[in-house]
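Asks: Quick note, our numbering runs 21 ahead of the 1-based positions in the sequence shown.
To be clear, the hints were calculated from the coordinates, so they are not data collected in a lab. What you are looking at is a predicted structure, and each value in this text was computed from that prediction instead of being measured. We put the CB at the ideal spot given by N, CA and C, even for glycine. Be careful, since some hints might not be right.
Calculated pairs, DSS-like style, for lysine-lysine (alpha carbon to alpha carbon, straight line, at most 25 Å) [stated by the list, open to error]:
no., residue 1, residue 2
1, LYS131, LYS57
2, LYS91, LYS57
3, LYS30, LYS57
4, LYS69, LYS131
5, LYS57, LYS119
6, LYS116, LYS37
7, LYS29, LYS77
8, LYS30, LYS64
9, LYS69, LYS57
10, LYS131, LYS37
Ranges of calculated distance between the beta carbons of each label pair, as one might list FRET restraints [to be verified]:
no., residue 1, residue 2, range
11, GLY152, ASN78, 47 to 57 Å
12, GLU150, LYS119, 31 to 41 Å
13, ALA23, GLY156, 17 to 27 Å
14, VAL25, LYS69, 32 to 42 Å
15, GLY68, ASP96, 50 to 60 Å
16, SER127, ARG63, 54 to 64 Å
17, PRO114, GLU90, 15 to 25 Å
18, ARG63, PRO143, 33 to 43 Å
19, LYS76, THR126, 37 to 47 Å
20, GLU150, ASP96, 20 to 30 Å
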Amino acid sequence: MAHVAEWKKEEVKELKGIIGEYDVIGIVDLMNIPAKQLQEMRKSLNGKAVIRMSKKNLIDLAFEDCNAEKTNIVDLSEHMDGQVALVATEMNPFKLYKILEDSKTSAPAKPGTIAPEDIIVPEGDTGFEPGPFLGELQQV
22 MAHVAEWKKE
32 EVKELKGIIG
42 EYDVIGIVDL
52 MNIPAKQLQE
62 MRKSLNGKAV
72 IRMSKKNLID
82 LAFEDCNAEK
92 TNIVDLSEHM
102 DGQVALVATE
112 MNPFKLYKIL
122 EDSKTSAPAK
132 PGTIAPEDII
142 VPEGDTGFEP
152 GPFLGELQQV
């Protein structure tokens with residue numbers, strides 16, 4: 022039998038405690054969310070909801086252990102894509118969704134990220150002198 026690290030057992034225990042304590046449990050994808058925006062999100066939810074980031078496997082184990090108490094909670098495992106976090110609250114889930122949507126802000130593009138909207142570059146003068154940089158820009 023494989024040895025399981027003690028911190029993993031503790032993490033699953035804490036996740037089960039959170040799941041058991043709150044009526045509304047959700048999963049959010051925090052992939053490509055800057056740390057500053059995540060901190061603002063936590064501030065806006067302070068006292069209203071708990072955001073707990075953990076490994077997908079550990080969240081999955083906690084869901085399986087809590088399935089007897091909360092029906093269909095294991096079904097949330099199907100929606101774990103990206104870098105997930107557990108959101109637990111007593112408030113109306115639609116109100117929570119509205120708060121999370123209102124906390125969204127635009128962020129500068131980073132390599133490898135997918136833009137949520139089409140990026141349109143208008144035709145016209147770039148303001149750059151002809152040279153290697155302009156050639157690279159034309160290739161893009």
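Asks: Could you tell me which of the numbered hints above are not met by this structure, giving the numbers in increasing order?
Replies: 2, 3, 4, 8, 10, 12, 13, 15, 16, 19 and 20
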